[in-house]
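There are 2 protein chains.
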Amino acid sequence: LAADTRPVLYIRDSASLAPLWRDAAQNGLPQFDVQIGRSNLDLDRVTAALVWKPAPGFLASLPNLKLVVSVGAGVDHIVMSDPDFPRHVPLVRMVDPGLTQGMIDFVVWACLSILRKAKFFANEQLAKRWEAKPIETSPNKTIAVLGLGQIGLPVARMLKKLGFQVIGWSRRYKKVEDLHLVHGSDELKALVGRADMVVNLLPSTRDTYQIMGTEFFSSMKKGAAIINAGRGATVDENALLEALSSGQLSEAYLDVFQVEPLPSEHAFWIHPKITITPHIAAITHPKSGIRALKRALAEIEANKPLSNLVDWNAGY
Amino acid sequence: LAADTRPVLYIRDSASLAPLWRDAAQNGLPQFDVQIGRSNLDLDRVTAALVWKPAPGFLASLPNLKLVVSVGAGVDHIVMSDPDFPRHVPLVRMVDPGLTQGMIDFVVWACLSILRKAKFFANEQLAKRWEAKPIETSPNKTIAVLGLGQIGLPVARMLKKLGFQVIGWSRRYKKVEDLHLVHGSDELKALVGRADMVVNLLPSTRDTYQIMGTEFFSSMKKGAAIINAGRGATVDENALLEALSSGQLSEAYLDVFQVEPLPSEHAFWIHPKITITPHIAAITHPKSGIRALKRALAEIEANKPLSNLVDWNAGY
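Residue numbers (my numbering), protein chains in the order written: chain A, 473 to 788; chain B, 473 to 788.
No lab work stands behind these hints: they were computed from the structure. Errors might be hidden in some of the hints.
Identical copies go unnamed one by one, so any copy, or any two together, can satisfy a pair.
[Claimed, not checked] In silico DSS-like pairs for lysine-lysine, Cα to Cα no more than 27 Å straight-line:
{"id": "1", "residue 1": "K661", "residue 2": "K693"}
{"id": "2", "residue 1": "K589", "residue 2": "K759"}
{"id": "3", "residue 1": "K605", "residue 2": "K745"}
{"id": "4", "residue 1": "K694", "residue 2": "K759"}
{"id": "5", "residue 1": "K600", "residue 2": "K525"}
{"id": "6", "residue 1": "K759", "residue 2": "K605"}
{"id": "7", "residue 1": "K745", "residue 2": "K661"}
{"id": "8", "residue 1": "K745", "residue 2": "K589"}
{"id": "9", "residue 1": "K589", "residue 2": "K633"}
{"id": "10", "residue 1": "K776", "residue 2": "K759"}
{"id": "11", "residue 1": "K694", "residue 2": "K745"}
{"id": "12", "residue 1": "K589", "residue 2": "K632"}
All of these numbers come straight from a predicted model, not from anything done at the bench.
Please work from the sequences and hints to get the whole structure.
Written as structure tokens, this is what we have:
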């Protein structure tokens, strides 16, 4: 058997999604030897990499790397997970319309599940209990959306279209015609004090680290709920457990966690007021990922400027 | 103690909601002696009645009845439950914006719960299992909305705004600018064959009786789901159980049933593919009900035409 000399496309190991990635890559980029995960990887042959949170120094150890595509929209996770990222290699981020749509679907689902008391009625069904309970409608509920980027703004707009009272918050001043937006720390506290649900879509930065902590939760309206579809690092998980146990908060819908996968001994799993999803609010579909990679390769080939090239100074 | 000679406002007994109705009525209409339910009712004193499904002949037995308000939008349930309805007494139906909003909230919640595999991930959480699964986004799913009245059209519009592919169906020809609509039996079969979810908002009539039966379910796309927020009589419940057990259908979200409350021995309660809510998709809020009654009384007093008076010939 002759050794395979094709260039290697490295794809991060995403466990249950790996077969879908392999199929998409082999169909879309047949010129590559597709390798999922780092085991038995021929480092010299890797010319392109599709990553999420690369291990520290891993990408720097690939001498012939020409292109990195991140399957997430931000670069914060790359900076944090791999401070040694080889910055001379172009890093392209995914701008996948499916990601935004997935976040909209997820957040609207979570907000409506809270509004419609989905957990309560699921328990009623288990008990075979038929008892009407007045359900409020969306115009009677105020939702605070924290984080107003490429995901937060469309999410806020959709919640408003559904009928909810929506107020968006960002750290810095921002203005759009069709939404009520506020900014800065003082406004955050006031907003959080009147919201029935707080949707967290904040990026993970030094400023947002555990921004949802004891103080945040106690300034919330009693009985309010949170939805975290941003980053796990923005929530102080012990403080959240306390706020739920004391009744200060009624519910939490969580898609992201400090440690992922969420360890099986974590108290969140069995908490009756917590609904867990395994970081699937928005998943880059393997086909979209390979399409982005293919486009970037074609642009390099044609000596064109790369679409969605990350600017390390701007941070996105 | 002198006997109470005030006119009686009869309010149907809605069990868990009764205290809310009593409060709303006593606050809004203090001139009335408010009686919930039929026990110990002084029939001669009843001048106004707020009903849902009156018992046959009950309203006809009230000699001084001047006004009936139905807490539902349709009159079908009144015709069916009480063929002896005294048609010389004006019947006013509720047109409560909260009802439409409640239906929108409910149907969107149910469709997103199906899209987001809510039931699957709830079971994953019980098993403490962290496994990503690719979730499709709303533009990849087609929803058929059956019934295009005051509720069906706004529901269809909202599902479309969310991103779903939406096709509306009604028995008779109907046209609106912003939605794809079809009509008639042949189109129903074709539509149902391509929809991933079928939302049933049909009224209960002779033509719709068990319209969702064995034939309907077998013409559906394999693995599709249904949402019934219309009337229980439109579904053949045994055929639904069969379609779910054979895998022809993946899920059912049911808010209405042939017999309500759903009997505790009914197979639906414990079926793993069925999500039950106790006819709460849209609930008339007691305050709205009393407001409608108050308005009708004022209109009678002022000799004005009654708003939302039911036309028995038109059937609504």
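Cross-check of the supplied hints:
no.: 1; hint: K661 / K693; in the structure: within (11 Å within a copy, 49 Å between copies)
no.: 2; hint: K589 / K759; in the structure: between (36 Å within a copy, 21 Å between copies)
no.: 3; hint: K605 / K745; in the structure: both (19 Å within a copy, 23 Å between copies)
no.: 4; hint: K694 / K759; in the structure: between (44 Å within a copy, 24 Å between copies)
no.: 5; hint: K600 / K525; in the structure: between (45 Å within a copy, 23 Å between copies)
no.: 6; hint: K759 / K605; in the structure: between (44 Å within a copy, 15 Å between copies)
no.: 7; hint: K745 / K661; in the structure: within (24 Å within a copy, 42 Å between copies)
no.: 8; hint: K745 / K589; in the structure: both (11 Å within a copy, 19 Å between copies)
no.: 9; hint: K589 / K633; in the structure: both (21 Å within a copy, 23 Å between copies)
no.: 10; hint: K776 / K759; in the structure: within (23 Å within a copy, 65 Å between copies)
no.: 11; hint: K694 / K745; in the structure: within (15 Å within a copy, 34 Å between copies)
no.: 12; hint: K589 / K632; in the structure: both (20 Å within a copy, 24 Å between copies)
In the structure shown, no violation is registered for any of the earlier numbered hints.
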